[in-house]
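K.L.:
Residue-level listing of the chains:
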Amino acid sequence: MEVLLLLGSPLLGALLLSAFGARRWAPELNVFVSAATFGAACALTARVIAFGPMLLGREQFLVDPFNVFLVTLTAFVGLTTSIFSRPYMRIEADHGRLSAGRLRLYHSMYQVFTTTMLVALTTNNLGTLWVAMEAATLSTVLLVTLYRTPASLEAGWKYFILCGVGIAQALFGTMLLYLAAERVVGAEGVTALLWTHLNAVKGQLEPTVLSLAFVFLLVGYGTKVGLAPLHNWLPDAHAEGPTPISAVLSGLLLNVAIYAVVRCKVLVEGSVRSALPSQMMMGFGLLSVVLAAFFLWRQRDIKRLFAYSSIEHMGIITFAFGMGGPVANFAALLHMTVHSLTKSAIFFAVGHAAQKAGSQLIENIRGLVTISPTIGWGLMLGSLAILGLPPFGVFASEFLILTTAMKQQPWATPLLLLALGVAFAAIFGKVQPMVFGETQVKRLPHPPALLPVFVHLALVLMLGLYVPPYLAGWYRDAARLIGGP
Amino acid sequence: MSFSYLNACLTVLLAWGAIGLAGMIRPKSVEFAGRTLFPLGALCGIALAVLAVMSIATPVERAVLPIGLPGLPFHVRRDALASVFLALLGGASAGISIFSTGYFRKGEGALPGLLCLEYHAFLGSMGLVLLADDAYAFMVAWETMALSSYFLVTTQHRIPEIRAAGFLYLLIAHVGAIAILLSFGVMQGGSWQFTFDAMRAAHLTPGWATVAFGLALFGFGAKAGLVPLHVWLPEAHPAAPSPVSALMSGVMLKTAVYGVLRVSFDLLSELQWWWGLVALGFGLVSAFYGVIFAAVQTDMKRLLAWSSIENIGIIFTGVGLTIVFHGVGMGALAALALIATLYHCLNHAFMKSVLFLGTGSVLHATGERNLGRLGGLIHRMPWVAWLTLVGVLAIAGLPPLNGFVSEWLLLQAFLFAGDVPHTFVNMLLPVGAAVIALCTALAGYVMVKFFGVIFLGQPREAALSQARDAGWMERIGLAWLALACVGLGLFPLQVIDTLDVVSRELLKLPPGRWGADWWLLAPAAARHASYGPLALFIVTLAVVVLAALGVRLVYRRRVRRGPAWDCGFVRIDARMQDTAEGFGQPIRHVFEPFFQMERELPTPFDAAPRYRVTVGDRLWTMLYLPLGVTVRWVADLVSRLQQGRISTYLLYSFVTLIALLALVL
Amino acid sequence: MAPLPLDLQLLNACAALLLLLAFSMLSQRRIVNLVNLLALQGALLCAATLLVAWRTGDGNLYVSAGLTLALKVVGLPLVLHRLIRRLNVYWDAEPVINTTGAMLIGLLVVVFSFGLAQPISALASTATRSTLGIAIAVILLSFLTMITRRKAMSQVVAFLSMENGLFFGAMSATYGMPMVVELGFALDVLVATLVIGVFFFQIREQFDSLDLHHLESLKEGE
Amino acid sequence: MTTLGAVTQLLEIVCAMLAAPAFLGWVNQCRAWLQNRSAPSVLQPYYGLRKLFHKDVVLAENASPLFRLAPYVVFGTMVAAAAIIPSMGTGLPLSTAADGIALVGLLATARVFVSLAAMDVGTAFGTLGARREMMVGFLAEPALLMVLFVAAMISKTTSLPLIAEGLTTRALALYPSLAFTAVAFTMVLLAENARIPVDNPATHLELTMIHEAMLLEYSGRHLAMMEWAAALKLLNYACIGFALFIPWGTSTEAGGPESLLFAVPLLVVKLAIAGAGLALVETLSAKLRVFRAPEFLATAFLFAVLGLLVHLLLGD
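As given, the protein sequences belong to chains A, B, C and D, one line each in that order. So that you can map any letter, position 421 of the first sequence is 1233 in the working numbering, and since no number is skipped, the others follow by simple counting. So that you can map any letter, position 622 of the second sequence is 636 in the working numbering, and since no number is skipped, the others follow by simple counting. So that you can map any letter, position 98 of the third sequence is 120 in the working numbering, and since no number is skipped, the others follow by simple counting. So that you can map any letter, position 289 of the fourth sequence is 1281 in the working numbering, and since no number is skipped, the others follow by simple counting.
If we strip away everything but chain A, and leave its shape as in the complex, we get:
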């Protein structure tokens, strides 16, 4: 029931908004729909807290500790982002960067995107998972190119082609999975792709096929996660799309992609019984962290800067999942949560900052605290949080990941630390002059909606000092589910 509501409300909203997306009250409608979705998510969560994991809709939908908090998170960030985008898109429209039609497209696609992600999270069918991922790509492509500027078109095209190709690999991987599965579960179609069934029989699945499948899946979904060297679409897409979209891309889409990878990893590791899959993930993770850290130094565009930081953090998460084991998985899940909260908060602040300065170039953004303290402090605190300074939650997860790495992969620790140090210098060195210093910019007509920023940061702060028991419980269960050495 809740699931129906959960998936239904954004879908309905999409339809409505595709009709009325250009009206004056469209943004409010958008917020309302997202709120409804969030409500449904909360109901679902409540139910899971009450009755534990469940299978729904003839086993087509699965809600377990691993995805329940991601669902809530997705719905929540979706809501805050819609709140943020209300004044933001108004201002954009006032600046004449968007026509009415584009607004309609934006609002409807926004909801479609939410739907696809929720489907991808809740479905139990790997095939559906794949379909949803592809759909997510397609819906966001149009959002990335919303401004129709040459740059945005280029970004969109790269996004489309690279992710399309990636997704195609993923499909082949899924197919191989199916091939291996139907020999065990029997060919009666549907069930052979149901994750729960596969998970039940993963021990008997054919290792060679599964390892091949995993390669395709990893490369496929990994492209979407933005793992180096498959990441090239990510900075462009983040930088050129409208900021709310950058926020959800970084905050949600990447999470969902990681989620897909991990779901597959569970199956593969169950059958392959070799360290290969986890080693691949660690390799990708480490490479992404290090490369991203150095990419950060060259950035002149603030949204690109934080896009690369997303790559870095996805690398950290992938690395952690690669290491596996209760602590590392726990840390990785926590990191997914805090990263998406922090990063979207940062993008909110960045969006307003860029609007104020009328430019995304770092050297044009100066002295934010003097013109608007809330934005300035939001950006400053957000960046410090994302850089892993306590008492914010990112530090908590990085602390766990680093200590586990020292234990399980001592060789990797220096690399990670080096990358973290370099990233710190790069990001902080660029953010500080933007936040502090002098400026001549004047205020904007619509007051920025910065409530989301501080709500997010408050949550992150809380997670740094206190993790609610049931959340911790989910993390633990999920960590056990994901397993590893």
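Quick caveat, the hints were computed from the structure, so don't treat them as lab data. By construction, the Cβ of each residue, glycine as well, lies at the ideal position given by its N, Cα and C atoms. A few of these clues could be false.
As the list claims (entries may be wrong) - Sample of chain A residues facing chain C (criterion: CB under 8 angstroms; computed from the structure):
(1) Ala980
(2) Thr1020
(3) Trp1189
Once you've looked at the hints, dock chains B, C and D against the given chain A.
P.N.:
Just chains B, C and D now, kept in the frame of chain A:
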């Protein structure tokens, strides 16, 4: 909840936090933040100091707080070592807070409420650092400390130099923190419990223990400003508002010392004696490097910052000695060295605070930080001048003030280092004593320059005649700290008997005998040597008074005021006095190879002759610039990967795919 | 061994032809021909599906064969042809790697993919398993084609042929995926083509050409 | 403290205060003889002090209270120093309150106050003098400390009387380390007391003067106190030298009062010889350029440290 000193201390820290948050109620009001909240903060400071002093001798207390990570809640623990540093924190911060009430007048750049928040968060986090008993709590407190102090440093963020200083500070602090984290990771030694108890229990191989110690020394050294990690210090201290500089230099640096002591004597179960030599070496280098650079500075706060580096050097020398003695099992001497170290920590906290606050008042009164434009202020602001003089004499290590006591103890410790059972080492150590002696003498030089140029002579700028003395609150704050200097100087025995608890606890020693009589300091370790500042002071004072009276009584001659004589020079103006550069000239001359100097000399025929000399830090150009260049270079290399051609990107994916498939097959 | 039954021989023939087509796409520079080749590929795919469906009597496969016919043989080529006419892009520019080079690499790729398919097809229970290697080869070849092309249009055609390859693979290895996925798949392809169409017009109105070198401004290394 | 101790203590202080100018006078007299000038009387310094005490004080307009306080402080520290140096007897109650290190500290205090006072009026010469004085000080002080250290290491304590006793009681032995340090000490003494070759008390030549430059602004009783303190300083240094290197004959607790009767004339003899020696050195050596002074003192410092190392190497 039954009373325990630990809970009380935590309550005080909490109160600080609350005061800070209260500042955000009316962020714009100087009255509220300055006149209401800061005095409250000062009261908390005094309370903390009292609690800490009372609790030193009491048994260890522990607690677990309901916050933290699911697996790892905040553990806190109070022992004698922590108490000593808490007392330091409370005592020094009390004076500084009182001073601040008068100091933060028109909101130094940032909102007063915000300042209040950052300031008290800074205090609170420092307290938590001292109490933390697991790696996570420690790191959280440690980084919060760094963060809040960073925001305080960049209070006047409109000035680019200050932003740069803040950046450098936070960067080095962060790198240091990473090293500390690593060292904790090594220290837990396979138990994967990150409570300090687990680390105490863990048994490391000598190799790993050494690694842990090295990392800790690096990390804490970065915070303490140990050469060559000192570069942030001379930048950050001048940038910050004076009370903040006082806190950072007086208290924050000591938390790093606390960290080193905690790690090497408490967490690492068995330590190697030769680690001491490393610490000693870095200490001596820092002391010497710091003092000669202090001597050639022209900015008064920069000068004090360098002098802080010197004192940190002396402190680390003490730490090194302690480790050596402890390692080779010379208990009494180890205790002596440890006491000397702790004593110097206390001293430096108070005297350096006095000096920084003094510069703060001068800064407010004149708006000048450059020594070249000050002078003669003793006439305009006598209170500040005389109170600062106490600090100056103390830090110059002159009896009967406190600076001398720790120097005396340290030298005593050095004197008997000859008995260390390693011939080469006991050849080496006395040379260390020589360096310390040289440094203290140079410190005298530096301080004469500091005080003489700022407060004595003729004002070098006309504007200085408008300078007005500090307000009452500031005077009280200064007086509090100056008084502490005198007290620590005159009653060393009482202080040391309290500190002795620490040496008992850390070094597992029987209580040592430190005095012959209540006024006479006579450590058992230093054979027959004794020092009674009170008596010395009284005698000297008596002689002075008698002499003065005698002279007055016998000869009733007038005192006439007249123009200065100066060998009959007719027109004397302020420009004839030594400038700061001039006063530093001999040092520049003697220690030339250490400095990176740029001189601008006038030719004999210059119409408007101009002389300028700037002294740079060689380490900066030798160590830090190349590092930055390397990173940039790598970044450029990496960024070549992303050429914008979609075919290239597809190729990446293709190759990755093929490679992985090949890997699997 | 006994000669394969006729339908399987036919199937293998289809597979071989598919591979051939993939190669010719790799070498083809005229976009119109590319599209025709794509349509042909679709047709072969359809035929193969029908064969398998007939052999296994699996209803779903008839449906998916129908889908293939509708989408890949009729739908897409029409759309693409119209686009070509509307945007008059008939020729691709000189490919990134010259044809012979591409061919050689392609040959290696084929060998590789056959090697890759060996263990899998050993497991596959289907009669058509031997063609799995060809499917992989087709996928990788179209990947290669995408890499070598300079025009958006031809890149897209290659992309679609890759999806054909996937489809063929699915079909030959497992007699096709479950219906849900098939439908979703088809839907996605449809939407994708629409998106592509939109894209082309946008790109065209921005750069008045579909040359990819316009799309190389976003980069790091200056 | 014993009565004898108290007596010795008081006697020392008084004698030191009274005898100091005479010693200075004696040195000057010898110097005059050696330079075959007609020598002033030994009592000349007393006349000088008397004259100064009878004069009015002319204070510079912008002299601060510190300027007027300094002479007394300097004098006080010098007297206190005199009180803890075992010149006649070693049984000094006060010397427990301050050992060798504290003594160095006291001297440093005096130096700092003189320099501050010199900077107070803010004339060219004042600051110049202060700077040079500190320049001399920052090398001389550690050198002196090192000298003390050697002695302290030989007799395992830093308390001067005990050092002196230690040397007297044990059998006469040659300490090569002491030889080094003796040289170092002499150099320090010359430098610290503004004698040639570092400074010249008898000149007001801008380029060379150090100590005099600091006293330029003083007059009347303040100047008198300063001069007196300077004389005391010279005496103190001489006595430190005796205590460290030739302590024989100083009275000890063990020796009883009668030993004191023997110690006093012996001290006079020592002083006479030392004074003559000092005069000789001054006459034979030439005034250095000011910038050679650091090198001179660096050598002293080096000698002291060498002494230390030699001691550690050879043991005693």
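K.L.:
Please go over all the hints and tell whether each is borne out by the structure.
P.N.:
A quick look at each hint next to the structure:
{"no.": "1", "hint": "Ala980", "in the structure": "holds, 6 angstroms"}
{"no.": "2", "hint": "Thr1020", "in the structure": "holds, 5 angstroms"}
{"no.": "3", "hint": "Trp1189", "in the structure": "violated, 30 angstroms"}
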